[in-house]
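Enquirer: Here the sequence shown stands for residues 188 to 396, numbered as in the numbering used here.
I should point out that these hints are in silico values taken from the structure, not numbers from a laboratory. Hints are supplied without guarantee of correctness; some may be wrong.
Derived pair list, reagent style DSSO-like, types lysine-lysine, alpha-carbon separation capped at 30 Å [claimed, not checked]:
(1) K251 / K234
(2) K387 / K234
(3) K240 / K346
(4) K282 / K346
(5) K251 / K383
(6) K383 / K234
(7) K251 / K282
(8) K383 / K282
(9) K346 / K387
(10) K320 / K346
(11) K251 / K240
(12) K282 / K320
(13) K240 / K387
(14) K234 / K320
(15) K320 / K251
(16) K346 / K251
Pairwise CB distance ranges, derived in the manner of DEER restraints [what the hints assert, rightly or not]:
(17) S386 / L213: 19 to 29 Å
(18) Q371 / Y236: 32 to 42 Å
(19) R260 / I394: 34 to 44 Å
(20) K383 / G339: 16 to 26 Å
Quick caveat, the model's predicted, so the values are computed rather than measured. In this text, a Cβ means the ideal position worked out from N, Cα and C, and glycines have one as well.
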Amino acid sequence: MEYRMYSHRYAAAILNTDREFADIWLEVQEVIHSITEEQIINSFEAKGYRRGKSISTTINELLKVGFIARGWRSESPIFQNPDYTGDTWRLDFAKDNISIEVAFNHGTVIAWNLLKPVLASELNHVQKAIQTKLGIIICVTEEMKVAGGFDGAIGTYEKFIEYLPPLNNQLSVPLLIIGLEAPQSFSITHVPNPQKANSKMGIVERILI
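Required output: the full structure, derived from the provided sequences and hints.
Expert: Okay, structure coming up:
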């Protein structure tokens, strides 16, 4: 997959120049670039009538396979305290000094998705389960939202960038926003799901290049 990036507090410069992050940043790039459009199509269509309307679950699953294969912790809790567990207090992936949040959810939780890597990186009076130094948010561009069949209300790369100025003081650690680009060889169209009344599903429409 191709992507674009936006850097908060010099995240990109740190990742590209600081030896502390060199190897792990290379892993992130490898995981994303290794996912081909043909893989996405095959994985999406293999789900049959259960595949839903968008390729969000498919991309999530392919990212998870790639990160776990490289030793990343999946669904990593931020805190050790059992009162702070579940998805709300958990990061999608973490390894060494980097935490990653895959944000394909509703736009109303953009601010929280941005704050979770900050919680993982800052000291806190609640005992931490992980301690990172830099956060990465993986989301989709407006073009990918349309081409990938995503819900219209999801938080996009462009919306995440809009949230950075008003949250500047709160977002005290370097953050890299990665926006996944739309596929070049296909798009998702919604059609009625014959297995589920009043429901739609996505189908792949290939683009002749």
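Enquirer: Any hints this thing doesn't respect? Which numbers, in order?
Expert: The structure conflicts with hints 8, 14, 17 and 18, although it agrees with all the remaining ones.
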